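Chemist: Residue strings, one per chain:
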Amino acid sequence: KQEVTQIPAALSVPEGENLVLNCSFTDSAIYNLQWFRQDPGKGLTSLLLIQSSQREQTSGRLNASLDKSSGRSTLYIAASQPGDSATYLCAVLGTYKYIFGTGTRLKVLA
Amino acid sequence: DVKVTQSSRYLVKRTGEKVFLECVQDMDHENMFWYRQDPGLGLRLIYFSYDVKMKEKGDIPEGYSVSREKKERFSLILESASTNQTSMYLCASTQSGTTSSYNEQFFGPGTRLTVL
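One line per chain: the protein sequences are A and B, in this order.
The first sequence begins at 1 in this note's numbering and counts up by one.
The second sequence begins at 1001 in this note's numbering and counts up by one.
So the derived label-pair ranges between C-beta atoms look like this:
| hint | chain 1 | residue 1 | chain 2 | residue 2 | range |
| --- | --- | --- | --- | --- | --- |
| 1 | B | Thr-1015 | A | Ser-53 | 43 to 53 Å |
| 2 | B | Ser-1100 | A | Thr-45 | 13 to 23 Å |
| 3 | B | Ser-1096 | A | Arg-61 | 25 to 35 Å |
| 4 | B | Asp-1051 | A | Thr-58 | 28 to 38 Å |
| 5 | A | Asn-18 | B | Lys-1071 | 38 to 48 Å |
| 6 | A | Leu-109 | B | Asp-1051 | 39 to 49 Å |
| 7 | A | Pro-40 | B | Ser-1065 | 26 to 36 Å |
Calculated directly from the structure, the hints in this document are not laboratory data.
None of these values were measured; they are calculated from a predicted model.
Backbone N, C-alpha and C define an ideal beta-carbon position, used for all residues, glycine too.
Based on the provided sequences and hints, a complete structural model is requested.
Modeler: So, in structure tokens, the structure goes:
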């Protein structure tokens, strides 16, 4: 059974710092991995999708990598800003359905 | 831009009431999903649908049913609401195929349901 883990559960950093969020999964037979952002009380906003054949994807200050063989993905945020404060979730697509991690709650201090 | 909308942002119902949560997507997506999100438990799949009139149980279908009469609309029904169904309910959609690596999930804004 696929399990997705995100460590740390919470992170607090000063503005301007580069940071890495981690996502690990137990079954490497995935079709894709998606990173989301969730603001309090809101839905999930898609940030990046990495297909199983890809190693990384970039969007602006965000870069996500995927290493299927080791069951790991990282989300790199460059030059963090207070507006980046949110919960970040990863999800992997296995057979028929997505499995989500429980998220990393990020706070960027001004 | 894909848009997924949900009928209510906040809903308060009484125990035993029948509750309808509606979700509509405007990008002709084939697959639609209902999740609930609870602190410490993350997102859990209730039901999903990969075509009109088709539905599949997710991980926690007990106490819920769904309806998909039109491609763009997926409804979640709580037949007799109970306090343990107080939660955030999230709807999502993806384009086509259940195992395509291109499938990107798009979520609605969520419905915060409180059952008293």
